[in-house]
Amino acid sequence: MNKILSVNNIFKSYNNKNGEVVAIDGLSFDVFEGEFLSIIGSSGCGKSTILNILSGLDKDYEGSYKFADGITPSYMLQEDALFPWLTVLENTVIGLKIQKKYNKENIDYVKHLLTKYGLKDFMDTKINNLSGGMKQRVALIRTIATKPNLIFLDEPFSALDYQTRLKVSDDIYKIVKEENITVIMVTHNISEAISVSDRVLVLSKRPSRVKSIYEIQLSNKTTPINNRKAPEFQYYYDKLWKDIDE
Amino acid sequence: MSKRQELFLKKYKRKQLFIKFVQIFSAILVLGIWEMLARFNFIDTFITSYPSKIFITIVNLFKEGNLIHHIMVTLGETLIAFFITGVVSVLISILLYRSEILSKIIDPYLTILNSLPKVALGPILIIWIGANKKSIIVMAILISVIVSIQSISVGFKNTNKSRIKILKIFGASEWEILKYAVIPSNYKIIVNACKINTGLCLIGIVMGEFLTSKSGIGYLILYGSQVFNLDLVMSGIVILLIISMLLYSVISSIEKHLDC
Ligand SMILES: Nc1ncnc2c1ncn2[C@@H]1O[C@H](COP(=O)(O)OP(=O)(O)OP(=O)(O)O)[C@@H](O)[C@H]1O
Ligand SMILES: [Mg+2]
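Chains A and B, in that order, give the protein sequences.
When we follow the working numbering, the leftmost residue of the first sequence carries the number 133, and every step to the right adds one.
When we follow the working numbering, the leftmost residue of the second sequence carries the number 7, and every step to the right adds one.
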């Protein structure tokens, strides 16, 4: 499989007048085309920081990372950060406008995504009239509207209740698979990581670096909800749980 | 519609009606008492004037043909000051938003300037700019612009960080961040500042007209007090009330139209 991203020995600290927090120290890993990679680690270990660096938002770090040619990443934040004064459609095309790709073809693509993922009747609705799960889907469609081939998801389901969470993780999984997008997802939910991922990367406590990487091999892998019923699920769960806890 | 909803709507309408009624009734009551006290010589109408006399004075001013002119002068000056204040305070707020350091540097000065009674600057303005309209307008701008900058720039600074992050992820320029996130998320605050500015500008204009003017409602009031014509003074005040009501309702309807 093709390597599309390599991260090399990244170091990051937050400095302010009250002191220094070293968030990442010596982080290296690779990402391969088409995979669903989860990064898990305890709260505050530096997961969002990693995505902020890889997405180019945070340029104040040491070390390096490199994307393969033609890789255009996009990023879905931990909080949905939708624009309440805009409609669902207007929210989802904002990236197109900024990147000067606001043309009929791309707008139709976004409309197609909205229709496909159950938001057809809400295109002209203001954001505040949507449920949590719908907002999450809008945020995802906004993220993929610009046709990225790699996306970063930061705790995409954390604001949702358990039922919705299962449903939305199924939805999102379906979307990224159908649109053929490589995913790096940050989470601290072990079951979620196992059910959606091809590989799970465990981070150490802060300052974070890679502690271990698991290939998730489930018999008859299908949707995330079904994957939870796989016989190997418990095995991975116990292993990861111990690994994070240590 | 359910019974409960019907009952609720009925109660709701009754309450709204009651509020309107008391508002109008209390105004009529006060005017009525004032009028009666005057008619039965309980108060000295030379000093207090009274509603019907004020009304007649206003009508006469109209007929003599110069009241419209005075109103137009004051209203015009107020609107000019209002627009300049709006534009200047949004522009300066953008500047302060863009430069955190600049904003920190001038913060104490803004606070100090804000608490300075601007009327004290009147004599300086007149010497520097001259005894004319320009001084009056500058006075009004000085009174309103600092509060306006402070409230708008606080709003800008508190713009949701994640929304800005989203735009940056897509590669937005500083200008696009302003256009798509900072300004729209502060519509409410800007409109609210404008609401306050109309009042402050009117205050500033009348103050300026007190200092130096040959026309305008402020001039009319000052003139009335100098010749001890309290009917004229009271009429001026009533006209100012009407002007401020007018300005307020214009802004309110714009606010509703914007739906923010
Ligand atoms: N802007 C900042 N200034 C100072 N310290 C920060 C800043 N952002 C994050 N940190 C610190 O860096 C560490 C890592 O933060 P980060 O947000 O990456 O954690 P996380 O793994 O995403 O946590 P969570 O699972 O709770 O989202 C934390 O200890 C946090 O306190
Ligand atoms: Mg985080």
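Source of the hints: derived by calculation from the structure; they are not laboratory data.
Virtual Cβ for every residue (Gly too), placed ideally from N, Cα, C.
Please note that the accuracy of each hint is not assured.
Which stretches of chain B does chain A cover? Using the computed rule of at least three CB atoms under 8 Å from a CB of chain A, they are [claimed, not checked]:
1) 15 to 26
2) 31 to 45
Here are the computed distance ranges between Cβ atoms for each label pair [to be verified]:
3) B:Lys26 / A:Gly176: 54 to 62 Å
4) B:Lys194 / A:Asp253: 43 to 51 Å
5) A:Asp253 / B:Met7: 35 to 43 Å
6) B:Lys194 / A:Gly151: 35 to 43 Å
7) A:Asp253 / B:Lys17: 44 to 52 Å
8) A:Asp253 / B:Leu264: 44 to 52 Å
9) B:Lys185 / A:Thr247: 24 to 32 Å
10) A:His244 / B:Asp113: 46 to 54 Å
Verification of the hints:
For the stretch 15 to 26 of chain B, the assignment as covered by chain A is violated, since 0 residues bring a beta-carbon within under 8 Å of that chain's beta-carbons and 3 are needed. For the stretch 31 to 45 of chain B, the proposed coverage by chain A is not satisfied: 0 residues have a C-beta within less than 8 Å of a C-beta in that chain, short of the threshold of three. Roughly 56 Å separates the CB atoms of Lys26 (chain B) and Gly176 (chain A), a value that falls within the hinted 54 to 62 Å. Taking the beta carbon of each, Lys194 (chain B) and Asp253 (chain A) are about 29 Å apart, not inside 43 to 51 Å as hinted.
Restraint check, Asp253 (chain A) to Met7 (chain B): a C-beta distance of roughly 25 Å breaks the suggested window 35 to 43 Å. A C-beta distance of roughly 38 Å is found between Lys194 (chain B) and Gly151 (chain A), which places it inside the suggested range of 35 to 43 Å. Against the hinted window of 44 to 52 Å, the Cβ-Cβ separation of Asp253 (chain A) and Lys17 (chain B) comes to about 35 Å, which falls outside the hint. Distance hint for Asp253 (chain A) and Leu264 (chain B): a CB-CB separation of about 26 Å, inconsistent with the stated range 44 to 52 Å.
Taking 24 to 32 Å as the suggested C-beta distance range, the pair Lys185 (chain B) and Thr247 (chain A) conforms, at roughly 29 Å. Between His244 (chain A) and Asp113 (chain B) the C-beta distance comes to about 50 Å, which sits within the given range of 46 to 54 Å.
Taken one by one, the earlier hints fail for this structure at numbers 1, 2, 4, 5, 7 and 8, listed in ascending order.
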